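Visitor: Knowing the structure of chain A, use the given hints to seat chains B, C and D with the ligands on it.
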Amino acid sequence: MGDKFIYFDHAATTATRKEVVEAMLPYFTEKFGNPSSIYTLGRESKKAIEESRDKVAKALGATSKEIFFTGSGTEADNWAVKGVAYANRQKGKHIITTSIEHHAILHTCQYLESDGFEVTYLPVDENGLVTPEQVEKAIRPDTILISIMFANNEIGTIQPIAEIGKIAKTHKIYFHTDAVQAVGNVPINVEEMNIDLLSLSGHKFYGPKGIGALYVRKGTKMISFMHGGAQERGRRASTENVAAIVGLGKAIEIATEKMDEYNKKLLALRDRTIEEIQKKIPFIKLNGDRYKRLPGNVNFSFNFIEGESLLLMLDMKGIAASSGSACTSGSLDPSHVLLAIGLPHEIAHGSLRITFGEENTQEDVDYLLEALVPIVERLREMSPLYEKDKCSCK
Amino acid sequence: MGDKFIYFDHAATTATRKEVVEAMLPYFTEKFGNPSSIYTLGRESKKAIEESRDKVAKALGATSKEIFFTGSGTEADNWAVKGVAYANRQKGKHIITTSIEHHAILHTCQYLESDGFEVTYLPVDENGLVTPEQVEKAIRPDTILISIMFANNEIGTIQPIAEIGKIAKTHKIYFHTDAVQAVGNVPINVEEMNIDLLSLSGHKFYGPKGIGALYVRKGTKMISFMHGGAQERGRRASTENVAAIVGLGKAIEIATEKMDEYNKKLLALRDRTIEEIQKKIPFIKLNGDRYKRLPGNVNFSFNFIEGESLLLMLDMKGIAASSGSACTSGSLDPSHVLLAIGLPHEIAHGSLRITFGEENTQEDVDYLLEALVPIVERLREMSPLYEKDKCSCK
Amino acid sequence: MYSEKVMDHFMNPRNVGEIENADGVGQVGNPKCGDIMRMYLKIEDGIIKDAKFKTFGCGAAVATSSMATELVVGKTLDEALKVTNAAVAEALDGLPPVKMHCSNLAEEAIKAAIEDYMRKNGLLTEENSEACSRRCDDIHRIDDED
Amino acid sequence: MYSEKVMDHFMNPRNVGEIENADGVGQVGNPKCGDIMRMYLKIEDGIIKDAKFKTFGCGAAVATSSMATELVVGKTLDEALKVTNAAVAEALDGLPPVKMHCSNLAEEAIKAAIEDYMRKNGLLTEENSEACSRRCDDIHRIDDED
Ligand SMILES: Cc1ncc(COP(=O)(O)O)c(C=O)c1O
Ligand SMILES: Cc1ncc(COP(=O)(O)O)c(C=O)c1O
Chain A
1 MGDKFIYFDH AATTATRKEV VEAMLPYFTE KFGNPSSIYT LGRESKKAIE ESRDKVAKAL
61 GATSKEIFFT GSGTEADNWA VKGVAYANRQ KGKHIITTSI EHHAILHTCQ YLESDGFEVT
121 YLPVDENGLV TPEQVEKAIR PDTILISIMF ANNEIGTIQP IAEIGKIAKT HKIYFHTDAV
181 QAVGNVPINV EEMNIDLLSL SGHKFYGPKG IGALYVRKGT KMISFMHGGA QERGRRASTE
241 NVAAIVGLGK AIEIATEKMD EYNKKLLALR DRTIEEIQKK IPFIKLNGDR YKRLPGNVNF
301 SFNFIEGESL LLMLDMKGIA ASSGSACTSG SLDPSHVLLA IGLPHEIAHG SLRITFGEEN
361 TQEDVDYLLE ALVPIVERLR EMSPLYEKDK CSCK
Chain B
1 MGDKFIYFDH AATTATRKEV VEAMLPYFTE KFGNPSSIYT LGRESKKAIE ESRDKVAKAL
61 GATSKEIFFT GSGTEADNWA VKGVAYANRQ KGKHIITTSI EHHAILHTCQ YLESDGFEVT
121 YLPVDENGLV TPEQVEKAIR PDTILISIMF ANNEIGTIQP IAEIGKIAKT HKIYFHTDAV
181 QAVGNVPINV EEMNIDLLSL SGHKFYGPKG IGALYVRKGT KMISFMHGGA QERGRRASTE
241 NVAAIVGLGK AIEIATEKMD EYNKKLLALR DRTIEEIQKK IPFIKLNGDR YKRLPGNVNF
301 SFNFIEGESL LLMLDMKGIA ASSGSACTSG SLDPSHVLLA IGLPHEIAHG SLRITFGEEN
361 TQEDVDYLLE ALVPIVERLR EMSPLYEKDK CSCK
Chain C
1 MYSEKVMDHF MNPRNVGEIE NADGVGQVGN PKCGDIMRMY LKIEDGIIKD AKFKTFGCGA
61 AVATSSMATE LVVGKTLDEA LKVTNAAVAE ALDGLPPVKM HCSNLAEEAI KAAIEDYMRK
121 NGLLTEENSE ACSRRCDDIH RIDDED
Chain D
1 MYSEKVMDHF MNPRNVGEIE NADGVGQVGN PKCGDIMRMY LKIEDGIIKD AKFKTFGCGA
61 AVATSSMATE LVVGKTLDEA LKVTNAAVAE ALDGLPPVKM HCSNLAEEAI KAAIEDYMRK
121 NGLLTEENSE ACSRRCDDIH RIDDED
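Chains as they are written, first to last, in my numbering: chain A, 1 to 394; chain B, 1 to 394; chain C, 1 to 146; chain D, 1 to 146.
Some hints here could point you the wrong way.
Said to hold, decoys possible - Each computed EDC-like pair below joins lysine to aspartate or glutamate, with the alpha-carbon atoms no more than 20 Å apart: (1) LYS317/A / ASP289/A; (2) LYS317/B / GLU70/D; (3) LYS221/B / ASP115/A; (4) LYS52/C / GLU381/A; (5) LYS93/B / ASP115/A; (6) LYS169/B / GLU191/B.
For the record, the hints were derived by calculation from the structure and aren't laboratory data. These numbers come from a predicted model, not from an experiment.
Chain A with its partners taken away, still in its complex shape (with noise of 0.2 Å):
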């Protein structure tokens, strides 16, 4: 207990910067006009929007013009996908996606099924991973869209974006990638990649919650979702959150400035984290690619345990990670993700996700260790499923 506090859940969400904090302020209080306006107010509003786009457009390798500003990850996602789709009806009805894919994409699929579009669910191998292969395989004549997230945000496995894009490419196919686990985390070029669409998120690379942005490229052919006023060129409609868009901007020029000595210190953290882990705890499993994935990214299940209890007894020792237990999600089945690299319903239970950030230290990870080793053999003496001694363990 105490007062120590670590956090290590990046993934989820990260703390917004001070520096990204003092940009956003003045938004709020003295320079509150509405973009819209004429007057000077306005026009500072304005500006500043546009500064921050251009910002964006710099981290990806895009136009300023190709970026458009929305209210979350989320939104990106449900706008490209229903936005392409319902757009190009009339070209074809199916869309190829992965198993994985974040429920802000598959529910949307799921709707789109359900309103007479067709979608390919790729599978994917133990690691997570999807091949080219198995995308150009499943390209139909009435194929619309690919939609393949760039990074897992459970097993950080990080798919070949820039393959797939190829593919796509050729079969003149819209490529979109839910990038918001990747963007400010690994080097992003959309043209590089030949991708169409990309969704990003603020909140995860210390930006402000509640902004994200949809890129798309130069003559994509995709219906608005948001409709009302003529805001984002008539794409998007919507009073601008000027204070959280200038907060994103900022956030990706710090992200893209530091990426290179971020992503070592993650990657240092990372891979000593998985090596100990491995080290010192048996009956375990590492999830997701160990090289193809995300620096910060550690995922591993425990046997015989179940998620929550790990993270409630973590919690009090001042540790905060995640899992992909049922009971933290409200949902009734464990992690998707987990069940579709394979994993058991029971082994999936018992997962837990550390995601680091660059305040984290080695001495954290020490803290971690020493905090993990003794919780899950605690948890394991409590469990029905762990009988050591009777060597009967199912």
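Guide: This is chains B, C and D with the ligands only, laid out in the frame that chain A set:
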């Protein structure tokens, strides 16, 4: 020029209150947890959201479970209309609204028309009013939704919402009201007024931009608009914008407390401005109902001149106001609201909207009048439509 | 989300473990669903003298197991069979709505252990042990409207 | 959104007013569209000696009118007819994309005034005055892709 700055565009947006920003600040950097996380930091965010939900519910006379946070007023409008329309498609395909709704409703309805729905756009009288009788007459056996704005954003006209609510209830048709301009400005009670769905937006009552809410009466059949995670009890996906939600709660709480005092003040400013302009400037028309209007709204058309020019000249005097001129909207036509109340195009182009807020004073009105009279005169002198001497004005 | 009492029973569970040669053992739940409770009872003269448990599950599952063992010790079998899920939840100062199923499990674990005892002692003729083998959804059903 | 030069020509427009007994008067635009420019020219020996305007319209409409009058004074009719909308916009250090149509209006106003002069003086045979009476949409067309 100089340093003078007077803001008269509170219907466009308001500055975020200092107390609101202060309430938000901890949720950026310290209490930044994802409300879905089960550790202490996450639970604190969750609690903050629920407290804010209680405040919004209280302000509307609703229960907390009927309040859903959205990314904006526009999103609330899109969700309400599309959500009810698609969920009740089997029952009917007819929607009733007015011709003076905000674009967030109008363009959403037009989208639905392109997808097989039928929409009746009720005309309004010269003051922008619809009558309950009009609404009742428009009802068909297949009508599934009535969406009528509480108060108009341009001309400030307040509709007979309680009477329309009664009719909707009698006919068992869902009744939505876009109350983005009304919440925080006029008393609202969803029970007494028989409102089933109500949209609001934080930045119209000194809360932050990029946050809104939709009130949905318990039992209302509607589909999700944002698909994804299980946030907002599975109805509206996306990581909650905790800071903005806290800000919205604080802002609505203060607005409710201060409403009487605030309205008294705004009414005095409004009525004097209307009377003085009518006294001092010829060839003008007050737009909107003289009495059934928002306490802070003044809207005049000045013959022979164009709105953008007027705004620019006012801006040079440090006065921020707005117009229904096409030139300020990026569209070709002047405000659809001004056309709907019967103004000819050329008169609609020359409108000026002044919307007061709590920091405005009678001295501000003095300054406005002093600036406005010569500016109107000067622009008329420049206008080929105003041929005073020759008496040949068409 | 959890009351202090739940957290206390989770962090310091009473009666964790096994009873060697227990008079009744009941197991309910399913690893697929993410929770299993196994309860051991020591019964003398129709009175529960001791109770222990092993649980795989969330914080609420552990806490309700712990509370259930506390509630049954000293009770007659008839009294113990009347311990409801609501009673377990109440003794813990309440549970979050989505976790109420855990208190169902605790009630069922008590029943299963007593049934086991009765069966072993020929006190149960027909097999009406309906506690086990439900589907996850039956236990975990979440009310959409809250 | 507007350059300093635009704002200067808007706030301090040159040559506002009318010319009594002007040699050429041209009016383009339409009050429905929200902008009308009327241009008055004084022409001697084929050279524009003076120009004045009256404009109903936005900031850009006023500024382009003002700039257009400045650009044509001292020019021959042929030279004046070659003043393009791009030239007017450039002289103002550019216009926002949605306001480019205002510079079209200015170009057309010059042409209309010169045509009026030519017509009055029998220099124009066929009526090829295509400047006026366009529909709003033709003038105001906004490129969706920017
Ligand atoms: C991969 C992925 N996609 C989409 C989202 C949704 O983003 P947001 O919560 O900002 O709407 C998230 C995170 O929550 C994510 O990790
Ligand atoms: C009546 C009305 N409805 C909807 C909106 C849209 O709200 P927002 O810009 O917050 O999306 C506005 C204001 O812009 C409004 O005045």
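Visitor: All hints, please: hold or fail.
Guide: Cross-check of the supplied hints:
1. Restraint check: the Cα-Cα separation between LYS317/A and ASP289/A comes to about 29 Å, which exceeds 20 Å; the hinted pair is violated.
2. Only pairs whose Cα atoms come within 20 Å are accepted, and LYS317/B paired with GLU70/D is rejected, the gap being roughly 27 Å.
3. Straight-line distance between C-alpha atoms of LYS221/B and ASP115/A comes to about 18 Å, which keeps the hinted pair within the 20 Å bound.
4. Using a Cα cut-off of 20 Å, the hinted pair LYS52/C and GLU381/A holds, with the two alpha carbons roughly 13 Å apart.
5. In summary, the hint linking LYS93/B to ASP115/A is supported, as the alpha carbons are separated by about 16 Å, within the 20 Å threshold.
6. Of the supplied pair hints, the one linking LYS169/B and GLU191/B holds, its CA atoms being roughly 11 Å apart against a limit of 20 Å.
The structure shown violates the earlier hints numbered 1 and 2.
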